[in-house]
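A.B. asks: Order-wise, the sequence lines are chains Z and F.
Each residue of the first sequence is one higher than the last, beginning at 0 in numbering that gives the first Met the number 0.
Each residue of the second sequence is one higher than the last, beginning at 0 in numbering that gives the first Met the number 0.
Hints listed in this document are in silico derivations from the structure and should not be mistaken for laboratory results.
Keep in mind that this is a model prediction, so the values were computed, not measured.
Where is the CB? At the ideal position from N, CA and C, for every residue including glycine.
Be aware that a few hints might be false.
For lysine to aspartate or glutamate, the following EDC-like pairs were computed, each having C-alpha atoms within a straight-line distance of at most 20 Å [unchecked claim]:
1) K308(F) <-> E30(F)
2) K271(F) <-> E22(F)
3) K276(F) <-> D293(F)
4) K308(F) <-> E298(F)
5) K114(Z) <-> D115(F)
6) K114(Z) <-> E298(F)
7) K139(F) <-> D25(Z)
8) K143(F) <-> E199(Z)
9) K139(F) <-> E55(Z)
Chain F side only, calculated, beta carbon under 7 Å to chain Z, not exhaustive [claimed, not checked]:
10) R105
11) G106
12) I123
13) Q126
14) P130
15) A317
16) A321
17) V325
Letter by letter, the chains look like this.
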Amino acid sequence: MNKPNERKLTIARAMAEAMQQEMKIDPSVFVMGEDIGALGGVYGNTRGLLDEFGSERVRDTPISETAFIGAAVGAAQDGMRPVVELMFVDFFGVCFDAIYNLMAKNIYFSGGNFKVPMVLMTSTGGGYSDAGQHSQCVYGTFAHLPGMKVVAPSNAYDAKGLMTAAMRDDSPVVYMYHKSLQGMGWLGTEAGATVHVPEESYTVEIGKAKVVREGSDVTIVSLGMGVHNALKAAAKLEAQGVSAEVVDLVSLVPLDRESIRASVAKTGRLIVVDEDYMSYGVSGEIIATVTEHDISVLKAAPKRIAFPDVPIPFSRVMEQHCLPNPDKIVAAWNDIKAA
Amino acid sequence: MTPTREEQHWMYRNMVTSRRFEETIAGIYFEGKTPVFNMANGPIPGEMHLSDGQEPVAVGVCAHLNSDDVVTATHRPHHQAIAKGVDLDKMAAEIFGKKTGLSGGRGGHMHIFDADVNFACSGIIAQGMGPAIGAALSRKMQNKPGVAVAFVGEGAVNQGGWHEAMNLAAVWNLPFVCVIEDNAWGISVSKEASTAVTNNADRAAAYGIPGKRIEGNDPFAIYDAAGEAISRARAGEGPTLLEIETYRLAGHFMGDAEGYRPEGEKDALFEKDPIPKMRAKMLADDAATEAELDAIEAESAARVEAAIKFARESEEPAPEDALTAVFA
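With these hints in hand, go ahead and build the complete structure from the sequences.
C.D. replies: What follows is the structure, given as structure tokens:
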């Protein structure tokens with residue numbers, strides 16, 4: 000994806016640029032959340048917006064997620080296109096009513112007579128010893144509940160295009176960005192997330208997965224940070240003569256089941272990598288997507304690597320023990336071969 | 000301020016229409032639900048929260064609103080919807096779960112949405128607050144006319160989300176009015192047992208905005224206070240909190256035996272029924288003739304009857320319609 004002399008952006012800058020470009024052409028777009036003004040967002044994703052658009056359209060809010068996410072629903076129903084930030088997805092506990100009972104249901108309960116064109120952007124993920132109230136992904140929680148589109152970019156190109164697509168969507172979109180991909184030095188950024196991003200505005204289709212590495216022996220399906228672990232594992236497997244295909248889900252809702260099935264039909268083997276909790280979540284859904292459609296394509300039992308069903312611990316060694324990583328993916332392949 | 004003669008007629012008409020509507024719904028609700036009460040049965044399944052007695056709040060406030068203004072309502076929304084001008088045929092059909100309902104039967108009685116008159120509901124206590132202040136923010140940002148009113152019950156004032164929204168409305172000086180319908184009961188728990196202040200309007204002080212309590216379930220006093228609050232909002236002077244004493248003449252929901260009420264409370268409330276009181280006052284004030292009020296009552300009854308007929312005769316939705324309209 001990268002060529003010499005091409006402009007590379009972090010996901011943080013790519014998100015900010017998408018908002019900046021859309022705000023220039025669409026006066027109904029505005030941004031609100033905690034510390035998104037002068038600070039530019041804790042994760043840098045609104046940097047520069049306050050200077051360009053002012054505090055009317057770039058609104059720092061009180062620490063009142065129920066009020067300002069609920070307000071975004073009302074503003075969206077009234078013709079605006081708010082982008083609101085829930086600083087850590089872990090904080091959904093104080094405001095889920097506004098999210099899943101209002102944002103996600105008002106289109107349906109109005110029979111489609113109200114649109115709810117809003118973006119809820121929120122940070123996910125751990126790996127930096129912030130413990131279990133500031134490190135979760137909870138992808139499955141959001142994807143499980145109907146009425147919200149859910150996207151999770153793994154790189155800056157997708158981050159910009161998905162944000163633009165989300166702002167133009169007439170339905171609510173939950174935009175889940177991973178802290179370790181943001182390009183914030185203090186969070187220890189994954190280098191592979193910082194890629195070429197075109198200057199001009201563009202969209203990345205919501206609901207379309209991408210094959211980010213082609214292979215023939217095994218399909219590794221993941222999203223966000225997991226895609227980078229999958230790519231690193233694929234490189235290790237290649238050294239062993241194993242050809243791994245990596246599918247980046249990009250979106251969880253709608254889920255691109257066709258692309259997952261097509262890849263597994265080709266390789267016959269499936270490993271799912273998910274930083275969210277193991278049980279009742281994304282990893283199980285991906286496997287069910289394949290098996291309930293045509294179990295005969297599988298040459299081996301599928302494997303999943305996800306966060307074990309425990310709260311996320313603080314201790315570095317304990318957290319790293321629980322998180323997915325490339326070695327765990329290689330080990331999963333070895334288990335498949337040994338079976 | 001005092002309602003004009005024409006406004007009084009409008010208020011009386013909407014109070015009577017609302018009461019006739021609720022009485023009619025109440026009659027139909029038990030069809031198929033006797034001798035054994037099962038909420039799932041009959042032409043109107045599900046919970047049913049009637050607004051009998053609370054009509055003065057709806058008309059006293061909505062007399063100052065037009066279709067561009069935004070209202071969010073609660074699990075007990077019929078009187079507010081009628082006063083806001085929600086299409087009565089489609090609302091009745093929605094309550095019956097019919098294809099011709101406001102949302103094709105997806106929402107039912109606790110989720111009345113009418114985009115044409117900017118009316119929305121949430122069945123979750125205090126969750127109308129956020130969308131209302133958001134609509135107010137939208138009008139302010141777009142420099143478009145219109146105010147937002149959130150109707151909530153007195154029980155909602157003990158929800159965290161209510162306080163968050165009041166603070167945000169005040170700090171952003173939004174064109175917003177919060178109207179608390181104080182019917183004294185949160186299902187079975189009295190206001191006295193649940194609420195640290197006697198007068199919820201006192202809580203306005205916490206947000207540095209005006210707050211006023213209106214006693215007596217009096218449509219004229221409500222009209223006066225709401226007029227001032229809504230004028231303030233329209234003038235860009237910020238939000239107001241109103242707490243209005245009103246009476247819940249029905250149970251929390253249909254089927255509520257109301258054993259928690261002190262003996263004699265219901266009888267005393269019916270003595271204060273606001274509809275005959277308003278009729279008597281209009282006659283005493285020469286604001287209407289007997290014939291005019293009789294005509295309003297007859298027309299309201301006919302209007303309700305037509306809406307119920309429309310609802311009853313409308314088609315059921317196709318079951319698979321359940322799978323549509325999830326996204327815009």
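A.B. asks: Next step is simple, just say for each hint if it's right about the structure.
C.D. replies: Checked hints:
no. : hint                : in the structure
1   : K308(F) <-> E30(F)  : holds (15 Å)
2   : K271(F) <-> E22(F)  : holds (18 Å)
3   : K276(F) <-> D293(F) : holds (15 Å)
4   : K308(F) <-> E298(F) : holds (15 Å)
5   : K114(Z) <-> D115(F) : holds (13 Å)
6   : K114(Z) <-> E298(F) : violated (35 Å)
7   : K139(F) <-> D25(Z)  : holds (17 Å)
8   : K143(F) <-> E199(Z) : violated (32 Å)
9   : K139(F) <-> E55(Z)  : holds (10 Å)
10  : R105                : holds (5 Å)
11  : G106                : holds (4 Å)
12  : I123                : holds (5 Å)
13  : Q126                : holds (5 Å)
14  : P130                : holds (3 Å)
15  : A317                : violated (13 Å)
16  : A321                : violated (9 Å)
17  : V325                : holds (6 Å)
Hints 6, 8, 15 and 16 from the list above are not met by this structure, while the remaining hints are.
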